[in-house]
Structure formats: structure tokens, C-alpha cells
Amino acid sequence: MKKVIFLIYVSLFIFNWGKAWSLIEVDITRGNLNPLPLAVSPLSVDQNSKEKFKDSLKLDDIGAEISKVVENNLRQSGLFNPLDPKAFLQKPDIAHVKPRFEDWALIKAQALITGEVKIVDEKLRVEFRLWDILAGKEIMALAFTTVSENWRRVGHIITDKVYQRLTGEKGYFDTRIIYVAEEGLKTSRIKKLAIMDQDGFNTKYLTLGNELVLTPRFNPTNQMVTYLSYFKNLPRVYLLDIETGIQEVVGDFPGMTFAPRFSPNGKKIIMSFAKDGNSDIYTMDLESREVEKITNHPSIDTSPSYSPDGKFICFNSDRSGYQQIYVMRSDGSKVKRISFGNGLYGTPVWSPRGDLIAFTKLHKGKFYIGVMRTDGTGERLLTENYYQEAPSWSPNGRVLIFYRETKSDSSGKGFSAKLWSIDLTGYNERMVKTETDASDPSWSSLLTD
Amino acid sequence: MSLNKIFRNTLLVFFASILLSACAVKTTGKMQGDVYTGKDTVEYLASGVPDRVFFATNETVLTTASRETLRKQASWLRKNSKINVVLEGHADERGTREYNLALGERRANAAKDYLMTYGISGNRISVISYGKERPVDSGSNPLAWSKNRRSVTVKAN
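Protein chains in written order, with the numbering used here: chain A, 1491 to 1939; chain B, 2 to 158.
Do not rely on the hints blindly, as some may be mistaken.
As the list claims (entries may be wrong) - Once the Cα atoms are required to be at most 25 Å apart in a straight line, the calculated DSS-like pairs of lysine-lysine come out as:
| # | chain 1 | residue 1 | chain 2 | residue 2 |
| --- | --- | --- | --- | --- |
| 1 | A | Lys-1581 | A | Lys-1627 |
| 2 | A | Lys-1854 | A | Lys-1548 |
| 3 | A | Lys-1598 | A | Lys-1576 |
| 4 | A | Lys-1682 | A | Lys-1854 |
| 5 | B | Lys-156 | A | Lys-1854 |
| 6 | A | Lys-1722 | B | Lys-83 |
| 7 | B | Lys-40 | A | Lys-1903 |
| 8 | A | Lys-1903 | B | Lys-31 |
| 9 | A | Lys-1627 | A | Lys-1613 |
| 10 | B | Lys-156 | B | Lys-80 |
| 11 | A | Lys-1682 | A | Lys-1694 |
| 12 | B | Lys-156 | A | Lys-1722 |
| 13 | B | Lys-156 | A | Lys-1897 |
| 14 | A | Lys-1598 | A | Lys-1588 |
| 15 | B | Lys-40 | A | Lys-1765 |
| 16 | A | Lys-1588 | A | Lys-1548 |
| 17 | A | Lys-1856 | A | Lys-1897 |
| 18 | B | Lys-40 | B | Lys-156 |
| 19 | A | Lys-1588 | A | Lys-1608 |
| 20 | A | Lys-1801 | A | Lys-1854 |
| 21 | A | Lys-1801 | A | Lys-1826 |
Read the hints as simulated data drawn from the structure, not as lab findings.
Isolated chain A (complex conformation):
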């Protein structure tokens, strides 16, 4: 994949950053049953720039297209209710300079996003403003420049800024999902690594499907991916550089390595190594290549995930007889079981905020995605289904993405695998659009912070 250029000079045009006395605020700690009505006015584009964008990007109206990205993001978040642009009374260019607040209040908008796109020195320059309709004033203004091909990302960055301004927390829209694209019969499924924008656009396939690949995960800078590949029928953990496409085996293990993840600083890979019927957890330092054995127990120890400060590891073990979740220090000491509810627990993954662990639970033939505190208290099940597993956190720790499979008859009919997301609150469950069937999603960090 070609290097994505983050050419974003964030020249801040902050006129009125009156955060403390803004009237609109969105509470994201509870399930939000009354999403905030807001208007995303199409970004205005001057005629000259419009023609140039039309030539280079084949888009009739780039301003409207960017607004659609923002609108869709906000709707998917479940916290906002973007109003139908057909109801807008004011023209985009005029609204951006001086909105007539009464007009926007009339259609029940509480907030308004306006903006302007143009070509400056062959680059795309966007300026946008967020207005509080009830207070009748501007609450944020921002401008930045990027390469034209990044126009969808412009929409994601605008969404992140608006989300952050209105909720008080960082957004998760300028991000990507890496996952396994699936096709073919259940008995001989073809699997490829795929990467896409968080909203399902710009899908790219990173492997050809010649060998089985599973469980891809990003490094903290989103340039590398670690995953399991059955290349030459030897299941091993691999490292893939997304920019160069160069792949390499991680370590020199005389057996299957699997369940890889990066350490929070990206310097180590933590994974399981299976030998003679026993799986233990190991780390490998990517620079020194030093391998360290972290667990040493005759049970299955797998699915390790670091705490964001790197001091602890949660993992999955059946040392009690069945699959349960354990936490230990990152050197392998002080192992403590934390899951004690009914059923089996798997795929623990530490929240980027550090306070929660998300997991898969199997109980009485149903699969649940849930969260618990890192000491095992406060277990909360967010969603129940026939089969679902492997949650991955949005970078702000507010949303989980996972995959769900449906039942099939003996000919395999009825089977599907899809990505789904759900808010930490248990609300806003949605299928995430993918070109093919999909599984094993992993959420990147914010591409621009």
C-alpha cells in the first residue's frame, strides 16, 4: 500500500473557543436514546475549485461529498441525529460566514457544521466551523490542508473535532480497521488480510488468499501488522509492513505460534507458542530478537493483551479446568484469575483507557461480548448472539468492534461472518459494512491526533 501522506498543517483558526459556557453537550457515558439533532451544511466550493476537483477526483461536488462522510459518521456514532439537508434553508456559502440562527432553530438543529473547500497550491484546503444554534454563536473553527486524494479523511477529521468538542472525548473516525476477508465454502474458507477506513470505504487486500491468515493486529503507529499465517502449512506469527508489503516470520519457534499482539510501545510482540500439546505465552523483542517465556504452565495459555501502560497482561487460560481470564504482571509474576461468572471466558483485551477488559463469554450455548473491570468486578454483558467473539476497542475506548457468525445447515447454507460494533453502553449495535464476509477485526489508533 502506498504511503499515506499525513499532510495536515493544522492551522488553528480559533476565534471563540468558549468551551466552558457552551450550551450543547453530549453525554456519552450513558446509552443515548435522544441523539442530538444537528445540521451538516454541505461545504461550499467556489466554481474554479469545483472544476479542478471534478477533473482530479471525479466528484461533482466535493463539498457535499465531504459533508456526507461527516453526516454518516455522526449518525453511526448513535449520539447525533444529522438532519436532512433538503430541509436546510440557507445556502452553504452564506451559512458558513454568518448563519441565520432562526432558520436552523426552525428545523430543530441544535448545532450546525459549515465549511468551505478550495484548491490552494494544488492541495485541498478546508475550513470548517461549528455553531451552537441555541446560544447563537460559533464554538469552534479550524482549517487544514491535505492532498486531494485524502478527501474522505478530511470528513473523518472534521467528525473527530466535532465529536471531541461536543462530548469532551477524543473521536475515533480518522481510523482504519484491519480484518480477515472471507469467501468460499465453510469447509475450505479462503481468507485474506484486508484493511479499510472505519466507515467501510477504501478497502485494500494485503494478501492474496493462497494461505490461511488469522487474527491481524496493528502496532501503535498503524504501520505494521502482526498476524497468523499458514504459509507453507506452518502456522506462525508474521509481521507485515503495510507500506512496503514486506513480511517476515516472528522468531524461530519449532512449532505453532499464534494469538499475537504488539506491546503498547510497539517494541515487542506477545503471542502463544504451542509445543507438545501445551501452549504458553512468550514475547519477542523486535529489535534484539530476544525471546522471553512469560507463562510456564501445563495448561493452555493464550490470547494475551497488554494493559496500556505495559505493566500488566491479561490472558486466557484453562488452568482451572476451563477457559477463564487471568491477569499477571508483564514479567509473568502474580498470576490472578479475574473471571468467576458462569460459563467460559475468552479473548480478553485491555481497554485503551486502562480501566476495563473486554471479553467473549460462552454460556449455555450463547456467545456474549462483555466488559469487566481489571480486577474482574463489574461484569457487564453488552450483546448476546448465536456466535460472536474477538472484541477490539476503538482508540477512545467507547466502542467495540467484533465479528458474528450465523448458523448454517449441513450444506453450509445460511452461514455468514460479519463485523459488528457496539457502544460500551450496550446501545447502538450496528453491522459494519464490508465488501465480503469478514472476521477478526482490529481497530487502529487515530491516524492524526
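Got chain A sorted already, so can you dock chain B onto it with the hints?
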């Protein structure tokens, strides 16, 4: 093989027998307990030598029938000393992917250990786990799952 492991296997076999005698009452057609006992998917390495053994849910214990199958495989391997095999361990679809990879590896190794106790050199046996990635039966029902919880012995040369 370490003494420890022999001890573990003996224990496992012991518990399996207890388990099986407890479950023996509940025999439903092609399953005993929830271990597959039918022949639908079974192929043969040679006449009278089935290629696979089946497991109970979440278990890696060899059943009486499995041990009988593996003894047949061992005697066939002794007679065909040039043949090497790969043991492919599998799990059903009702578990998390990563744990199932480990479970498949453990199942294949349970079969490997048994072949080794019957005199087959570990050098002739390699092991691979497919977890839940390669079911033989696509169905989402207990019978299909029982066919998929398996270790299959495949000729490597």
C-alpha cells in the same frame, strides 16, 4: 516422552473411562455422550485402519474407541516404516478462534503421544492444528460439531 506425560496420559485415560462409563447410558445414534462414533467422514489409511479419532466438547481425552483406532494406526505404521504422518488437530466452531487453535494442537498431540507409547518414533509424526478453520461438516448442530472435533492422521509422504 517424559514420565510426567505418561502419568498425565494414564490419568486422562483413567478419567476418560470414568466419564465414558457415566455417559454410556446416553447413546444417541452416531454419538456417545457427545463424541462422534459414526463412520460418515472417516477415511482409511489402509484396509481396517481408520484415519481419525473424535473428541468430546472442550476435551482432549482419547476414548476407548479412539485408542483402538490409534493402536491400529500404530501397527500399520510399524509395518510401513517408511511412511511418516501428520496429525491434524481440529476443534468445532463453538469456541473462540485462538483457544481452539491451542485445543486442536493439544488433541493432535494426545494422538501423537498414544502412537508413541505404541512404539512409533516421534520423528515420524508431525502435528498441525487448524483450530476451527477446517470443519468437515458445515452444519451448525451437535452431530456436525462432533464430527469436527477430531484428530486426523494423514500420510506425509
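Results for each hint:
Restraint check for Lys-1581/A and Lys-1627/A: satisfied, since their Cα atoms lie roughly 18 Å apart, inside the 25 Å limit. A C-alpha spacing of about 53 Å is found between Lys-1854/A and Lys-1548/A, which places the hinted pair above 25 Å, so the restraint is violated. The straight-line distance between the Cα atoms of Lys-1598/A and Lys-1576/A is roughly 14 Å, inside the 25 Å bound, and the hint therefore holds. Taking the CA atoms of Lys-1682/A and Lys-1854/A, the gap is about 32 Å. The hint is violated against a cut of 25 Å.
For a cut-off of 25 Å, the pair hint linking Lys-156/B to Lys-1854/A is broken: about 38 Å separates their Cα positions. Between Lys-1722/A and Lys-83/B the alpha-carbon distance is near 23 Å, which keeps this suggested pair within the 25 Å criterion. For the given pair, Lys-40/B sits about 23 Å from Lys-1903/A by alpha-carbon distance, which is consistent with the 25 Å threshold. For the suggested pair Lys-1903/A and Lys-31/B, the alpha carbons sit about 23 Å apart, so the restraint of at most 25 Å is met.
With a CA separation close to 30 Å, the supplied pair Lys-1627/A and Lys-1613/A exceeds the 25 Å bound. At most 25 Å may separate the alpha-carbon atoms for a hinted pair to count; Lys-156/B and Lys-80/B meet this at roughly 14 Å. Distance check on the hinted pair: Lys-1682/A and Lys-1694/A sit about 10 Å apart at the alpha-carbon level, within 25 Å; holds. Note on Lys-156/B and Lys-1722/A: the hinted pairing holds, with a Cα-Cα distance of about 17 Å set against a maximum of 25 Å.
Straight-line distance between C-alpha atoms of Lys-156/B and Lys-1897/A comes to about 33 Å, which puts the hinted pair past the 25 Å bound. Taken as a hint, the Lys-1598/A and Lys-1588/A pair is honoured in the structure, with Cα atoms around 18 Å apart against an allowance of 25 Å. Proposed proximity of Lys-40/B and Lys-1765/A is contradicted: the alpha carbons are some 30 Å apart, above 25 Å. Restraint check for Lys-1588/A and Lys-1548/A: the C-alpha separation of about 30 Å exceeds 25 Å, so the hint is violated.
Proximity of Lys-1856/A to Lys-1897/A is assessed by CA-CA distance (about 12 Å); at most 25 Å being required, the pair is judged to hold. Proposed proximity of Lys-40/B and Lys-156/B is supported: the alpha carbons are some 20 Å apart, at most 25 Å. The suggested pairing of Lys-1588/A with Lys-1608/A holds, with an alpha-carbon distance near 19 Å, which does not exceed 25 Å. For the given pair, Lys-1801/A sits about 34 Å from Lys-1854/A by alpha-carbon distance, which is inconsistent with the 25 Å threshold.
A distance of roughly 14 Å separates the Cα atoms of Lys-1801/A and Lys-1826/A; the hinted pair therefore holds under the 25 Å criterion.
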